[in-house]
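Whenever a hint applies, use it, and build me the whole structure from the sequences.
UniProt numbering applies: residue 1 is where the sequence shown begins, and numbers increase by one.
Be careful, since some hints might not be right.
[As the list claims (entries may be wrong)] Distance ranges between label pairs, derived from CB positions:
1) Q173 x L63: 37 to 43 Å
2) I100 x Q173: 49 to 55 Å
3) V205 x V180: 25 to 31 Å
Hints listed in this document are in silico derivations from the structure and should not be mistaken for laboratory results.
Keep in mind that this is a model prediction, so the values were computed, not measured.
Even for Gly, the Cβ is constructed at its ideal location relative to N, Cα and C.
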Amino acid sequence: MRELNSKNKDLKRVFKKYDIYHHVYLNSDSSKASIAERVNLTFRRMMFRYFTKHRTYSYLNVLQNLVASYNATPHRSLNNTAPKDVNEKNKYDLWAYMYIKTPPKEKRIREKKETLKVQRKRGKQFHFKINDMVRLSHLKKPFQRAYQQQWTSEIFKIYRRFLIHGKIFYKVQDFLDKEVVGNFNYTELQRVKKEADALWFVEKVLKWRRRNGQREGYVKFQDWDKRFCQWIPERDIVDF
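So, in structure tokens, the structure goes:
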């Protein structure tokens, strides 16, 4: 909302009628919209997860469901309260929690030390097992949006794990057992659960053949390079 528009008489009348607290910053600092931008970011992430899962950019038919899901999700900034649970009784406490009740610096330092102490007692723990399937984190590019795809579509396997100067790293290889160059820590990997009979999306059937009386298609899988193309019986190629 532009500053001039937000100060006109008609809008002020609406705010007063519905008892809406409205504050206008006099400077042009972009941080004044940080909360609204954070909501937009979270909601866009939800939308893009839906787009990826359902392979569509049509969302009007599920928009209200996405909004309901957002409003029912506990928010850390609201002290783990869902937006739909904010009411007249707790709204001032939650507002104070967001803007006033910040833990003292000494308390934050103490909590961090206690967390590190617990981690040392537990010792170094591997987050992934050998042969776990994972996706790799994309290298971020300039101007890349946070809600865009952050992980590779291609899936890899953990085949080695080790310590370097006390830090855990992993080696991964593709499904043809070719090693991916480099070491990865757990923040750069995302575990994937894929059943043996799971379906894989086909980008294109490149050609057909008949073998032993059975028609087969030579398919290229979506987001996988041509090294992974293979012949598949026609009965196993299905539409959704």
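Hints and how they fare:
1. Distance hint check for Q173 and L63: the Cβ-Cβ separation is about 41 Å, which falls inside the suggested range of 37 to 43 Å.
2. Evaluation of the 49 to 55 Å hint for I100 and Q173 yields a pass: the beta carbon distance comes to about 51 Å.
3. The supplied range of 25 to 31 Å is met by V205 and V180, whose beta-carbon atoms lie about 28 Å from each other.
In terms of the numbered hints stated before, the structure departs from none.
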